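Protein chains in written order, with this note's numbering: chain A, 1 to 343; chain B, 1 to 343; chain C, 1 to 343; chain D, 1 to 343.
Read the hints as simulated data drawn from the structure, not as lab findings.
Computed from a predicted model, the values in this text were never measured in an experiment.
Even for Gly, the Cβ is constructed at its ideal location relative to N, Cα and C.
Check before you lean on any hint, since a few could be wrong.
Some residues of chain C that are not near chain D, with every Cβ distance over 12 Å (derived) [unchecked claim]:
1) E51
2) N64
3) D89
4) D116
5) G272
In the BS3-like style, the derived pairs of lysine-lysine whose C-alpha atoms are separated by at most 27 Å in a straight line are [unchecked claim]:
6) A/K163 with D/K221
7) C/K271 with B/K221
8) C/K163 with B/K221
9) D/K221 with D/K271
10) B/K163 with C/K271
11) D/K221 with A/K221
12) A/K221 with D/K163
13) B/K271 with B/K221
4 protein chains.
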Amino acid sequence: MYFTSDNASGAAPEIMAALARANDGYARSYGADAIMDRLHDQIRATFQAPEAAVYLVATGTVANSLALSLYAQPWSAVFAHSDAHIAQDECGAPEFYTNGAKLIGVAGDHGRMTPDTLGQALARTGTGGVHGVQRGVVSITNVTEAGTTYTPAEIAALTALAKSYNLPSHLDGARFANACVATGATAAEMTWQAGIDIVSFGGTKNGCLGVEAVVIFDPAKAWEFELRRKRGGHLFSKHRYLSAQMEAYLTDDLWLRLATHANAMGARLAKGIAALPDMHLQHPAPANMLFPEWPAGTHARLDSAGAAYYQMPAPQGREAARLVTSWSTTEADVDAFLNALRA
Amino acid sequence: MYFTSDNASGAAPEIMAALARANDGYARSYGADAIMDRLHDQIRATFQAPEAAVYLVATGTVANSLALSLYAQPWSAVFAHSDAHIAQDECGAPEFYTNGAKLIGVAGDHGRMTPDTLGQALARTGTGGVHGVQRGVVSITNVTEAGTTYTPAEIAALTALAKSYNLPSHLDGARFANACVATGATAAEMTWQAGIDIVSFGGTKNGCLGVEAVVIFDPAKAWEFELRRKRGGHLFSKHRYLSAQMEAYLTDDLWLRLATHANAMGARLAKGIAALPDMHLQHPAPANMLFPEWPAGTHARLDSAGAAYYQMPAPQGREAARLVTSWSTTEADVDAFLNALRA
Amino acid sequence: MYFTSDNASGAAPEIMAALARANDGYARSYGADAIMDRLHDQIRATFQAPEAAVYLVATGTVANSLALSLYAQPWSAVFAHSDAHIAQDECGAPEFYTNGAKLIGVAGDHGRMTPDTLGQALARTGTGGVHGVQRGVVSITNVTEAGTTYTPAEIAALTALAKSYNLPSHLDGARFANACVATGATAAEMTWQAGIDIVSFGGTKNGCLGVEAVVIFDPAKAWEFELRRKRGGHLFSKHRYLSAQMEAYLTDDLWLRLATHANAMGARLAKGIAALPDMHLQHPAPANMLFPEWPAGTHARLDSAGAAYYQMPAPQGREAARLVTSWSTTEADVDAFLNALRA
Amino acid sequence: MYFTSDNASGAAPEIMAALARANDGYARSYGADAIMDRLHDQIRATFQAPEAAVYLVATGTVANSLALSLYAQPWSAVFAHSDAHIAQDECGAPEFYTNGAKLIGVAGDHGRMTPDTLGQALARTGTGGVHGVQRGVVSITNVTEAGTTYTPAEIAALTALAKSYNLPSHLDGARFANACVATGATAAEMTWQAGIDIVSFGGTKNGCLGVEAVVIFDPAKAWEFELRRKRGGHLFSKHRYLSAQMEAYLTDDLWLRLATHANAMGARLAKGIAALPDMHLQHPAPANMLFPEWPAGTHARLDSAGAAYYQMPAPQGREAARLVTSWSTTEADVDAFLNALRA
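Extracted from the complex, chain A is given alone in its bound form (with noise of 0.2 Å):
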């Protein structure tokens, strides 16, 4: 019963098996390995995007700030949802690779920004010439940090407004597996073709050890990320074990395979925990990331069950919490913390 986080969860069979297997003898390094020349392929054929530009880095963090910090300038404006990853869990490590680029918080409910909101907060910054920060770049997370998601079409809606100042597009794709899952989307309808110009293509949270893509729609970025890549200190000498990871990944879908499950055992827990009286989700769960609210005491009678996750802020007189389900959640796991919930 570990729902604290997908990241605590190991990694799939099939990438532990091709990490073995790349441990073979001798390879170059940097990047030159073998499996990273056919990666790059893989991934734009993934993203039905031939020209793309394709890196990889080991955590999402720096997948992100890299990927922010080839649009933003020190004296741009990031606009991302107030709740962002980007914007309250990374330390201001966006601010460190950007060299000093400020995040604007958008808001909107349930961890989405709306063409309102975001709107809104680009037409109110910028406007002050010299003397204020400049537009810069719209983030966009998919799957939410509130468990939600952007369709394609919800997607586009925001990278036009941000096209209307010129402003390119990022993801953040932490979960994008669940996502494309939850939306029925592909990969190359959740990005480009809804005008994203830079994805952060998550895999440590869904069975891999620790590898994120970053794909550039526009070749002409990518020996600029290669500088920063390598001054941020990311740039793997024996690169074909992030190589080894991510060619797994994407193999016959498995990344796919792996999110389906995750949602699946997310909808199973959903679906139980409102069957229940008096509890409810604070936000739609389509995917494998869970609000619930439930009565005070709720908490001790799940804790002597052996139940992990995180305790979020409630109403007086209430609980909440925050589930993840992950490609290692068993059924078993979510009828046992069902059944915990119901004692």
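Keeping the supplied structure of chain A fixed, place chains B, C and D upon it in accordance with the hints.
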């Protein structure tokens, strides 16, 4: 016959096995895993430093850069050999992490600073009051970029100079194990007992997939390190995979056993080259890195024999090379290379 | 009828005369001039702070940014009113000088933080351990961007909150003189006696050409300030011209006399507007900055009368303005403006 | 007998008069003043560059640092003479404004890079792919730190090398007027006609209070410069005082007349010293800066005669000095100094 770099080798079987074991079940993320809990004490014991703060990162570039950033202000001078990795091979990562500190190249034969050359550099820097950069930190690399080593006494002589200016000293130990084996020094003798304040303790080049420990002998610096690591995007969510590598690396002195083998292969290669006519090593080669010089035409012969290594600048009519052995180099590799040389 | 800003005024005759006197002969450069020698004690006396470190710069932007950079780490949160100059009008200069600190906007009517709003912002920041930015420094502006003021007691209430988190407090005193005159507070009462650690003491807007003093009550910070000022390109070689301005500004309470006049002109303007039908001030106006709201059509009438000021956003069917008086505003200016308003 | 630096001199009467005139009445702030409106064209005419973008700042440090930041990325190498002011005397300001670019010291006698020494530095930098810093910009100082000058042809030879690597070239013209007078070159010949892309055109050392113009021959860089200047805290609110200095400086060739006098005083001093036994200049002295070497004991004699200047390192048994003349140096000053030397 693969001698390009020790980072072209794979990971040792003990490391891979540890990774597989660590994959089982759920684990707390971001460094709170159970292996890391044990590892703190294991590293402290290795360094005989019960108070040291210990952190893991995945690349040597960031181990060095974060270490320097704890001690160098943006207006500081960092003193290192002119050929040091931090000066030549990290695309300005130290400048990035320190927000602009200035690297001062220190001269010295065979990749080694001497008390004389370091003393001169220290004396002529920071004399301009507010107009010039201020003396900040001394960084020593062991094994050096020329494949040579410093003994603990030689390190102590350099750190004593640093201390005479109230400066801390950093040790870039990307090949720390090879240096310890080559000199017979313990980890403690090589570091804090010789006046080192912070060390990048390398695992990647010596049989790991990608892990380096930063050992900070002044634990008051711990929290700042954690913030800087996170901000740099180097805090792994699935941290257990870093922990597992390092635990296996230290267990039963694996790190020393792997380096002993690498150095033995280096010695076998050195001995073989020295016995050949018209060939010599440009630098002493006590560890696992050799810089032979040989007659023109040798590269072509080796190439057709299938040998892989880096070519280096050489005097007119001559050729030079860099050869690196590792934990996975075999005697057969060495002998085949020597045979090709002789042919 | 020039009310756009107090920085549209020229310099007071006493300041110009001092500049001319300072021009005579040779002077040591970079802050070692004889006037600066005297000025240290003059500023310390003005602030009743015999230990304070005192430095001059030429713009308010850098006075604030350098002051913050002494106390905010790159991973720090800087708490300031959402409308503060450092947050809205300096193109990210504080982020530049702090290497990426994050400004947290604090709410509050009439441009003023309250213990409630600041307390809430402090409480909800820095609770995420290493994942979020850390509480760093509180910055208070007096006179505020809305033209209102804080009394020393109100400042003390805010700095007490800061101190409860062990945070230092900065005062942005671009209009420090106007605030002192408006509240009757002395420089000491307004700053260190109210818990302020560092103050940007403005001269430019109040009759100088371009000079601001940064007064640091903890002299241990002095040397770092000097390095940061030099590194920012703000150490003047012909420093005597900054010194001369500031010396004249403090001599015979010129700074208070100029602000007394500016505030009196503000009060005359406020009184005149209040007496007019269908007009009011959006914020209290105790100093030299007024934000009147009036019927649509008024701007056009004032414009044709030759009045200069900034137009501000207003409710539907209404118009709003910002009017700033200065040391050089005359009663005739004010009365002409009021006549144009009435017309 | 004040020869410490040309920044120890005051401002020329024409400059002071212009400042007084500019003080009259109200003026738009932040560079929108009427004088600056005229000045754009005046500077463009001076440089015969009708498209150039032109900005004013108050210090040479920031003129250079901002100029470099327009062309050097954080991962760039900036090539300059090892003794250049940007390398030795600005406390890392170029590193700060470029967010960490690396200065590469280029050798050369008498403070001057040669095509040979610059060519070697260019050739050996940036050859390591992503692992090393990238060639960024060449910075040339004229008058050099050794008091020597480059002719336009010599500058063209250096910028041609830069262009062969597609690099832009910067001219640090803190003593631009002295260089033009010494070589007979016009402003255009010395800059864009010789391949310079951006120039720091100094006023401070040559009779202004504190003003430097940055002239950017590619106007596409203009907006970025404005943002960087503001963000650095270098946009003056009462900008008219910068404008007024520069307008007077250019009017009726005042800048050339002042430098002609300074250089003449330098030549008088040089001639006098050369005529004395056992004394010589260490570098040619075509402008206003001299580096004499003389017998031990001379400093003491000059000191007791009241001469002020900087002492420099000298060979055993000898003494050396730096002497700088300026617009305000008189023939009497020079002759008194020579008399003291002879005594």
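Inset, instruction - Take a quick look at C/N64 and tell me if its Cβ sits farther than 12 Å from every Cβ on chain D, holds or violated. - result: The claim breaks: C/N64 does not keep its Cβ more than 12 Å from every Cβ of chain D (closest is about 8 Å).
Legend entry - Hinted pair A/K163 and D/K221, Cα distance within 27 Å: holds (23 Å)
Inset, instruction - Decide, holds or violated, for the assertion that all CB atoms of chain D are farther than 12 Å from the CB of C/D116. - result: holds (32 Å)
Legend entry - Restraint status (C-alpha distance of B/K271 to B/K221 at most 27 Å): Between B/K271 and B/K221 the Cα gap is close to 45 Å, so the pair fails against 27 Å, i.e. violated.
Inset, instruction - Just double-check C/G272 for me: nearest Cβ-Cβ distance to chain D has to come out over 12 Å. - result: holds (20 Å)
Inset, instruction - Sort out whether A/K221 lies within 27 Å of D/K221, counting only the CA atoms. - result: This hinted pair holds, its Cα atoms lying about 20 Å apart.
Legend entry - 27 Å limit on alpha-carbon distance, applied to hinted pair C/K271 and B/K221: violated (58 Å)
Inset, instruction - Take a quick look at whether A/K221 and D/K163 sit within 27 Å of each other, Cα to Cα. - result: Since the Cα atoms of A/K221 and D/K163 sit roughly 23 Å apart, the hinted pair holds (cutoff 27 Å).
Legend entry - Pairwise hint evaluation, B/K221 against C/K163, where the allowed Cα distance is 27 Å at most: Measuring from Cα to Cα gives roughly 23 Å; hence the hint holds.
Legend entry - 27 Å limit on alpha-carbon distance, applied to hinted pair D/K221 and D/K271: violated (45 Å)
Legend entry - 27 Å limit on alpha-carbon distance, applied to hinted pair B/K163 and C/K271: violated (67 Å)
Inset, instruction - With 12 Å as the threshold, tell me whether C/D89 passes as away from chain D on beta-carbon distances. - result: violated (9 Å)
The structure is inconsistent with the numbered hints 2, 3, 7, 9, 10 and 13, although it conforms to all the rest.
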